[in-house]
Amino acid sequence: MTFVVTENCIKCKYTDCVSVCPVDCFREGPNFLVIDPDRCTDCALCEPECPARAIVAAEDLTADQAHFLALNADLAGIWPPISASRPPTPESKDWDGKSGKFSLLER
Amino acid sequence: MSQPTVSKRSICRICTNQCGVVIDLEGDQIVKVKGDASHPLSKGYTCPKGRALGAAHQHPAAIRRPLIRRNGSLVPVDWNECLDDLAGRLRRVIDTHGPNAVGFYFGSGLGMDASGYRMGDTFYKSLGAPPRFSPLTIDGTAKVLASSLIGGFPGLNPKTDNDNVDMLLYVGVNPMVSHGHNTGMFNPAVHIRAAAKRGAVWTIDPLFTETARYSTRHIAPYPGKDYAILAWLTREILDGGPLNLAQPVHGIEELRTALAGFDRAKAAAIAGVSESELDDLLAAIRKAGHVVIETGTGVTMSSSANVTQWLSWALMILTGMMNRKGGVWFHPGFLIQFDSFELPIIDNPFSPGAPTMPDVSGIIGDWPCAALPGEIAAGNIRALVNFGGSIIRSFPDANVMAPALQGLEVNANFEIVENETTALSTHVLPTKDQIERPDISFWDTLCGSLSMTYSPAVVEPMGERRSAWWAISQLMKRMELPVPEHVPGDDKIPGADDAMLATIMAGARCGFDELQAARHVTKPMEFPGRWVDQHIERFGGWRLAPPALLAFFAQTRTADEAAIGETRPLCYTSRRQRRKLNASLSFLGSPADIILHPEDAAANGISHGQKVRVRTSRGEILLTANVDAGIRRGVASIPHGHEIANVNYLTSTERVDKMTGMVLYTGVPIEVEPVAA
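So the sequence lines, in the order shown, correspond to chains Y and V. Per the working numbering, the very first residue in the first sequence carries number 1; after that it's consecutive. Per the working numbering, the very first residue in the second sequence carries number 1; after that it's consecutive.
Isolated chain Y, as found in the complex (with noise of 0.2 Å):
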């Protein structure tokens, strides 16, 4: 299994998960990060971490989120990998828990 990143993570991008990752399997994209399903060891370290709780185990997933999971299988191909994290952006905290990101993610 692995863990997913979900839609909060867009334009929050907070990255405090990436610091703990033992496998280093977060991608960056523009304004969202993913989780590389191939190299995740499913250890939980990152869920905690992320202060917009965007991280959750693909079998917590809700209905809502499941196409989360294929979309960090993607995305994950394609973007380059993150090892440390870095302070939040000033916008991180304006777009914690809004609605309807989806739709602004950048690939």
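The set of hints was computed from the structure by calculation and includes no laboratory data. Wrong hints could be hidden among the right ones.
[As the list claims (entries may be wrong)] Label-pair restraints from in silico Cβ distances:
| id | chain 1 | residue 1 | chain 2 | residue 2 | range |
| --- | --- | --- | --- | --- | --- |
| 1 | V | Gly365 | Y | Pro90 | 40 to 50 Å |
| 2 | V | Pro547 | Y | Thr62 | 29 to 39 Å |
| 3 | Y | Arg86 | V | Asn164 | 41 to 51 Å |
| 4 | Y | Leu61 | V | Thr5 | 28 to 38 Å |
| 5 | Y | Ala57 | V | Pro524 | 24 to 34 Å |
| 6 | V | Val75 | Y | Glu59 | 22 to 32 Å |
| 7 | Y | Asp16 | V | Gln3 | 53 to 63 Å |
| 8 | V | Ala377 | Y | Arg86 | 47 to 57 Å |
| 9 | V | Gln3 | Y | Ala57 | 37 to 47 Å |
| 10 | Y | Glu59 | V | Ile336 | 53 to 63 Å |
| 11 | V | Asp121 | Y | Glu91 | 50 to 60 Å |
| 12 | V | Thr558 | Y | Asp38 | 52 to 62 Å |
Positions of the beta carbon are idealized from the N, C-alpha and C atoms, including for glycine.
Keeping the supplied structure of chain Y fixed, place chain V upon it in accordance with the hints.
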């Protein structure tokens, strides 16, 4: 121009799990540490502490040269000068006051250095049996006690069969952060979630921990009162099952008698939980037909540790979970093969203790750590050899510990990073850190498999650091103590460190050469282990009702039953943090906070983020309020191991378990008040 990055495989020796890591180096600079996906056990997993190995190695306060106190200050000297001076001073203490005037602390620093620890033990034994201290009496004596009294051997350490368990009860343990209490658990979330999926995982803890988050249910009792839950469960199992004995038992009727009248209402009132929660837990156990219980420092640091641990074993024995699939297994040892000989019956773990604490005995050769300041004050201990322990941050009552250390004639510390304990030293001996030395997984029986791992050194030792075994053997030579013939005269001889490791593996399940070539060797393990069942049969069965524990229970129960309905004071529990390892890794930034329930915070006029003065009868510290409804009302949680906000300014050398000398670090009453900004 930057140097090319070189990746080297090693093992993390921060805890006994020893996850595989890959260390990226640019020259001698560590630029990154990550999990080793090729490691057969950890499979890429490391925790944030393991990923901090590079920062720990490159710590700005790293000690690079031996130090000696001169005119009140520590000054750098060469090894010969340091060892000559230290040996001379120790010899003078021994000649004047006898070898028992030298105390030894076997701290976790050298505790994870296989050859250093072994040579330290040789040094200690060469002086006879002087005062010996270790983390045992500040971490958990109840496990050794229960193992001896119930199982007839102090080293039986039950480990959950994580691949098959389907009814798991975590009591006062948070493996998501600790990786189990001496049980060895890689990637804990995977195991916890899998067990919950197979059946159920319940967590009993005053705090909604990271482990509780992945559990099926969480019950939050008052600290130190979790025994009441287990006592009621045991009585119910005895009366209504499921009773399924896998091995012979002794004392079942005495146990039944001891628990008579301990009903649900009483258990709920003492533990501070609801009767319906107890009903649900019992129903879950009855549905599964058995229960596996893991405990941790939430239990062992409490006043009821001995009975809680005992009852956890009793429940597993009664439901047939000892040494059985889906239950717990016992490590047969890799370095010493416990299944290759008749295990001796050792049902008395007690040993002579400290003269200044006559009502507290020693345990398996250890004196209570709480006795150290008193022994120094009495002039009994005049020299201390500290093998890598942060004494002021980990021993009880830092208010008296720091002045006591200053009263020593000799205070020698084997340490690699400056701290408040080294600051009080007469001698500081910097030995190779974990990535500067080759090593093996020395604490084999604390690992989660029948395996052994080897790692070569990853970098050259910084400054003038030397191998710990070499420094100790040189000290012994200068003191005219016998050094074993196999010990090389110089750690700089190629292969000398490995030669020392090879001697440790003389009776192991594989040779050192095989291990060195393979890096990791796992042997097939018989499970259930016949050696365990045979030992228990020779012992006459598990002893369910050891008289000492019955008496402890009766005393605890009587006091608690009498106190039902009384208002309880706010008290604190101790916790380990995700980005901190007890007294070390402070640089990772885990805050010195106090978790308070919103109602307790409000009742004391405290807001989230505010500075809080925390006080006991022994002292006070300042912590930052972390107001969180995840903790039960009436309880606060304080992390251990912080330097300024040292929880040991709140603890006491007198608040110890009289049976085993264990210091009480949980369930201690406190007063809190906001501090004006």
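Results for each hint:
The hint said 40 to 50 Å for the Cβ distance between V:Gly365 and Y:Pro90, and at roughly 60 Å that hint is violated. Restraint check, V:Pro547 to Y:Thr62: a C-beta distance of roughly 56 Å breaks the suggested window 29 to 39 Å. Between Y:Arg86 and V:Asn164 the C-beta distance comes to about 42 Å, which sits within the given range of 41 to 51 Å. For the pair Y:Leu61 and V:Thr5, the supplied restraint of 28 to 38 Å holds, since their beta-carbon distance comes to about 36 Å.
Under the hint 24 to 34 Å, the C-beta atoms of Y:Ala57 and V:Pro524, about 32 Å apart, fit the expected range. With their beta carbons about 60 Å apart, V:Val75 and Y:Glu59 fall outside the hinted range of 22 to 32 Å. Between Y:Asp16 and V:Gln3, the C-beta spacing of about 30 Å breaks the proposed range 53 to 63 Å. With their beta carbons about 52 Å apart, V:Ala377 and Y:Arg86 fall inside the hinted range of 47 to 57 Å.
Checked against the given bound of 37 to 47 Å, the beta carbons of V:Gln3 and Y:Ala57, roughly 40 Å apart, stay inside it. Between Y:Glu59 and V:Ile336 the beta carbons are some 42 Å apart, a value that contradicts the proposed interval 53 to 63 Å. For the hinted restraint 50 to 60 Å between V:Asp121 and Y:Glu91, the CB-CB distance of approximately 58 Å keeps it satisfied. Restraint check, V:Thr558 to Y:Asp38: a C-beta distance of roughly 59 Å satisfies the suggested window 52 to 62 Å.
Of the hints listed earlier, those the structure fails to meet are numbers 1, 2, 6, 7 and 10, in rising order.
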